[in-house]
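Please arrange chain B on chain A, whose structure you already have, making use of the hints.
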Amino acid sequence: MTSEEVKKVVMDIIEDVAPDEDVAGIDENESLRDQLDLDSMDFLDIVMELRKRHKVEVPSEDYPHLATLAGCVTYLTPKMQ
Amino acid sequence: MNKDNRIVITGIGLTAPNGNTLGEFRKNLIEGKSGITLEDIRYMGKHPAGLCDFDEYKYQKKKTRRRGTRAGSVAIYAANEAIADSKIDFENIDKSRVGTYIGITEHGNVETEEEIFLLHQNNLDTTFWSHHHNPRTVANSPAGEVNLNLGITGPHYTIGSACAGGNMGVIQGVQQLLLDEIDFALAGGVSESAQTFGIFAAFAAQGALASHDDPTKASRPLDVDRNGIVISEGGCIYTLERRDSALARGAKIYGEVLGYAVNTDATDFVLPNTDRQSECIHKALKKAKINKEDIDIVNMHATGTKVGDINELNAVKNVFNDCSDTYVNFTKGHIGHTMGAAGALELAGNLLSFEDGIIHPGINVDNLDPECTMNNLVLNEPKKKDNIEFILNNSFGMLGINSSVIIKKHS
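Order-wise, the sequence lines are chains A and B.
1 is the number of the first residue of the first sequence in our numbering; add one for each residue after it.
1001 is the number of the first residue of the second sequence in our numbering; add one for each residue after it.
Quick caveat, the hints were computed from the structure, so don't treat them as lab data.
Even glycine gets a Cβ: it sits at the ideal position worked out from N, Cα and C.
Just so you know, not all the hints are guaranteed correct.
Between beta-carbon pairs, the in silico distance windows are [unchecked claim]: (1) T1264/B with D62/A: 53 to 59 Å; (2) P78/A with N1092/B: 22 to 28 Å; (3) F1269/B with L44/A: 37 to 43 Å.
Bound conformation, chain A alone (with noise of 0.2 Å):
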């Protein structure tokens, strides 16, 4: 997958657990959870359709990667190749 691609794959993630949020509007260099509702619970949701989806992994050490949506499609990029 290209970098853009796999912004959208995180986008349409995050839209499916924070469904009452505006995901289009989001500063990819921000952190997400100062922009959305988000919580350690719907982390560990976006972790779990990562792996249901597109059978990536993300061991909880981690976790401090998906901070942004920028360091998720850095992070991501290379495990979805």
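Same frame as chain A, but now just chain B:
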């Protein structure tokens, strides 16, 4: 200061297969309009069922709905509707003195079935099992979801009591008000059972799952051709208050909870016991300090099973057959068996009789079972009756739990 020990109903919120407001529900009960449709049940094909079409997002964000349960969603809708109907200044009352008491038949089947379905889609890899499973399936779930939604910090109880659940929620709310544990109760029952194939399959295995070419005719209590239960979802929650505080704020009072009783058959897992049901009714009359002749309407639990209807009819007949002014109806012909909601929902269906003087009929009785006859059954057509003052609402469940609630018209 001694607090008033008379407990009254000041608000009603409900969703049923044939109505999402009390007015709509009542109109359809009087007009004999069924809410039963043919639905696709996982693994089982098409079966008659009763589903509700209320707006899940009227009082709940999409995210909390996604995290929670259908039973919680039904309860949140009904609780918010009841509060709005009560016209209490909910924002400014002490939320630590509000209690939530919701009866259920079962809880967790829907959520567990869904996880197991997904598990099979993922080669039985349990790492796909959702972390939401535990908070969804804990037994306090529907009542807990209501308190979470409304910021209520008082107690919440989800009362597991099979199909007596709706009555049991009301009874528990009354008791907690009488104990002065709370000042305001949200009390009733809910069900999400129509979302689980397991309950359909179990009733089918028992030979007690209703079927009919026309789904609106499938639920037919007391009819000689009845062949079982139509499984439905639904919910009904009342706001309960002490009479003095309700009067002080000028609340509309739908009725007073005058008496109630709960007992146990202690004879069988599923087959009801006529003598214990009669005994339960007598106990409720005694607690209400009224005579059986005073009762204007008896709502039967009447589920549409062969043996259950006969046993219950005999229980009601044993008490009321010589009461010339007592009329008997039932509700499941219209809406199927709403399980944990049934007691509260069916009571709501009759409450407006105090105002309009009409007794809604039990429908779909084309040929009354000769073993289900008694005086004053209200079948297929509504009955006009003046001066309706007392309603007795029966709700019975598996493991032999029986409940009766008596409501008096407020005057």
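A quick look at each hint next to the structure:
At roughly 55 Å, the beta-carbon separation of T1264/B and D62/A lies within the given 53 to 59 Å, and the hint holds. At roughly 56 Å, the beta-carbon separation of P78/A and N1092/B lies outside the given 22 to 28 Å, and the hint is violated. In this structure, F1269/B and L44/A meet the distance hint of 37 to 43 Å, their C-beta atoms being roughly 39 Å apart.
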